[in-house]
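Visitor: The primary structure of each chain is shown beneath.
Protein chains: 2
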Amino acid sequence: MPLKAFSTLPEFAAILADLPSADADAAEAATARNGVLTKPPGALGRLEELAIWYAGWRGAAAPVLEKPQVIVFAGNHGVTAQGVSAFPAEVTAQMVMNFELGGAAINQLCKTFGAEMSVLSLDLDEPTQDFTAEPAMDEAGVIAALLAGWEAVDPQADLLVVGEMGIGNTTSAAAIASALFGGNGAGWVGRGTGIDDEGLARKADVVDRAVALHAGQGPLDTLRCLGGRELAAMAGAIARARVERIPVILDGFICTAAASVLEKECEGALDHCVAGHVSAEQAHARLLAHLGKEPLLSLGLRLGEGSGAALAIGVLKGAVACHSGMATFAEAGVSEG
Amino acid sequence: MPLKAFSTLPEFAAILADLPSADADAAEAATARNGVLTKPPGALGRLEELAIWYAGWRGAAAPVLEKPQVIVFAGNHGVTAQGVSAFPAEVTAQMVMNFELGGAAINQLCKTFGAEMSVLSLDLDEPTQDFTAEPAMDEAGVIAALLAGWEAVDPQADLLVVGEMGIGNTTSAAAIASALFGGNGAGWVGRGTGIDDEGLARKADVVDRAVALHAGQGPLDTLRCLGGRELAAMAGAIARARVERIPVILDGFICTAAASVLEKECEGALDHCVAGHVSAEQAHARLLAHLGKEPLLSLGLRLGEGSGAALAIGVLKGAVACHSGMATFAEAGVSEG
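Just so you know, the sequences run in chain order E and H. In case it helps, this note's numbering puts the first sequence at residues 1 to 337. In case it helps, this note's numbering puts the second sequence at residues 1 to 337.
Keep in mind that the hints were calculated from the coordinates and are not lab data. Heads up, a few of these hints could be off.
Straight line, CA to CA, 25 Å or less: simulated BS3-like cross-link-like pairs of lysine-lysine [stated by the list, open to error]: (1) H:K264 / H:K293; (2) H:K4 / H:K264; (3) E:K67 / H:K111; (4) E:K111 / H:K111; (5) H:K67 / E:K111.
Whenever a hint applies, use it, and build me the whole structure from the sequences.
Guide: Next up, the structure:
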């Protein structure tokens, strides 16, 4: 990629205004195939819808899922100065080291489901600005982060999961959700890594002040003002996946908040995305409802890193394997009901 | 195994009365390990409980899950003479051929999750008796089926899934559930492979008549009178797994009905079992509630074959991989909150 794909927010917005659709012929052929596989109609439930959705984006009636990519983006947040997290900010860099050495949950899940994993640290030594006082990033800053995500996507991947690590980033996600969908901070904040009641009240107040300070912006400027770099990078990667027709499994609250920016900027921008799970972070279910996404898993995870989405790779692999590998009634000589 | 493990129902009952427990020391050591892994406390939600449960049954603080076994049992049912299924009975044998040639959903799921799969046909040419007229099996018949399941379990496996194929077997499962837990046929029957409203009413009536005819029996004789051979084989395999301390993932309505016989015979007999999913067959959720089991997945499957449980192997593999593979705070040099 010799030229940058975009260098201003209006250029990025222009890409979002012109996103490709799924291959309707492939989806139709997959629907027909699904109807003649050796099972009662509908007996694989949601797996059937998933396989047809995946077939449409991959442009094949009987697609494969062999090359999932997981990217974990890490960023630091000036808003941690407001006391919104139970963990100190240096944990972000410590966890990046843990990712690189293979010791985190996401490493084990990538191994389990055969996903290629990479970690991208985004200027950890220079946290974004405290967004209760000024915009988190200037335009050059948010563009750099969007591009980091955009360029990290492997165009040969056949599935993308983006995860994050960033002490303070549930506050950023809550502020973005409040700004995009309305409702006050108390309705969008949760305990993140585990703050107490007092911390929770402080976090809600931080969100309310930040949203008031940066009100009246469009979705992309909301991301610039309230985001962290890892949220912008996730949005950039999810947009790039769409351009490459790579399906995406969304992770938890922070990933979904970052993705919501794209949907608010351009309705349908997340049609290539499925919700991997619903997090224990209370506002995640609310955010998914706004997006009309039904989660695949509900297991009380609230770790981030892409962990819930990575776990859902197994479900999607199962769906695609059944769809593409099963015999038809005619092939197997089985009587139809 | 030179001698049969049991040759009468009282002998089988004696085994159930003396089942081994999980290794409490291993579970305690796993709980301690879980508390120092590089994640906020509880952030992996249900995966943490699952890993600790698995560790207890495997007797290791940091266990592996490398050798899952899936066994699909097939049987034919005299009760199909009552018109309770949308598919003809010959489909059982046709699907067994499909399993053997690798064309069914369960074959693809076993490949996806690295499970060893075998198929066991149980006298398909000789259906059980129509249990609206007489007991489905005599004692020798139910013992043979229980033993077929018992002996099919690989003692070296570290996880067991049992699935089934048997046209008519949702009727058998509904009758067993009604006999064990009370409630009339209408509350326990569903559409199975897809019968219409008239068929559904007929199925409920068949269940009510069968349960009335065979009332007042203990759980094991209920299995003999209302079961099919594949249900008895599943019960035998689940009991054997317990004796070998092999954890089990339960599949859908039919598998859970077969397992319920063990729990009713001996409370706690299913402590080594987790519910893999909740099926679209309406009565499955009711049955799981009776057993106090919370399903891992809820994806609208209603295929049988062990498919929902096989899909849940991925979730359990993820849980065990995180638990046993993650670094501790001390190992990774990460600050605790």
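Visitor: Hint by hint, say whether it matches the structure.
Guide: So, going through the hints one by one against the coordinates:
Of the pairs offered as hints, the one joining H:K264 and H:K293 holds, with about 14 Å between alpha carbons and a cut-off of 25 Å not exceeded. Taken as a hint, the H:K4 and H:K264 pair is honoured in the structure, with Cα atoms around 24 Å apart against an allowance of 25 Å. The suggested pairing of E:K67 with H:K111 holds, with an alpha-carbon distance near 16 Å, which does not exceed 25 Å. For a cut-off of 25 Å, the pair hint linking E:K111 to H:K111 stands: about 16 Å separates their Cα positions.
Note on H:K67 and E:K111: the hinted pairing holds, with a Cα-Cα distance of about 16 Å set against a maximum of 25 Å.
Hint compliance for this structure: every hint is met.
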